[in-house]
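A.B. asks: Given these sequences and hints, build the entire structure.
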Amino acid sequence: MLAVLIYAAAVAIPVYLLHRFRSQAWYWHLLAIAAAVALGVFPMPPALQTSGFDLTIGFLFVGLIFWGIGGLVVFLPHHEKHA
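Just so it is clear: in the sequence shown, position 75 is 216 by the numbering used here, and no numbers are missing.
By construction, these hints were calculated from the structure, which means they are not laboratory data. A quick note: this is a predicted structure, and the numbers were derived from the prediction, not measured. Since no wrong hints were added, every one of them can be taken at face value.
Here are the simulated distance ranges between beta carbons:
#, residue 1, residue 2, range
1, Y168, G193, 31 to 37 Å
2, V152, P187, 25 to 31 Å
3, M185, V152, 20 to 26 Å
4, Y168, M142, 34 to 40 Å
5, A153, G193, 18 to 24 Å
6, Q190, L146, 17 to 23 Å
7, A188, H160, 36 to 42 Å
8, L143, A188, 18 to 24 Å
9, A166, M142, 36 to 42 Å
All residues carry an ideal CB built from backbone N, CA and C; glycine is no exception.
C.D. replies: Encoded structure:
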């Protein structure tokens, strides 16, 4: 049950931040996706492979992926209004 709550928070927090503060510059979201992929493929030392550490890494991975992809999907370039 704890894992479900943690992963639900990992999805809810980026969605809330995107709703509240809108999408940032596209390169920040692309950097978040790159960081999540690097975090996902980086081999973890055996001494750190505990369930708590796995939940933390999973939380960061899911949160970064949702924030990165969500920001790129809702990216709206700013257009200047001409008078």
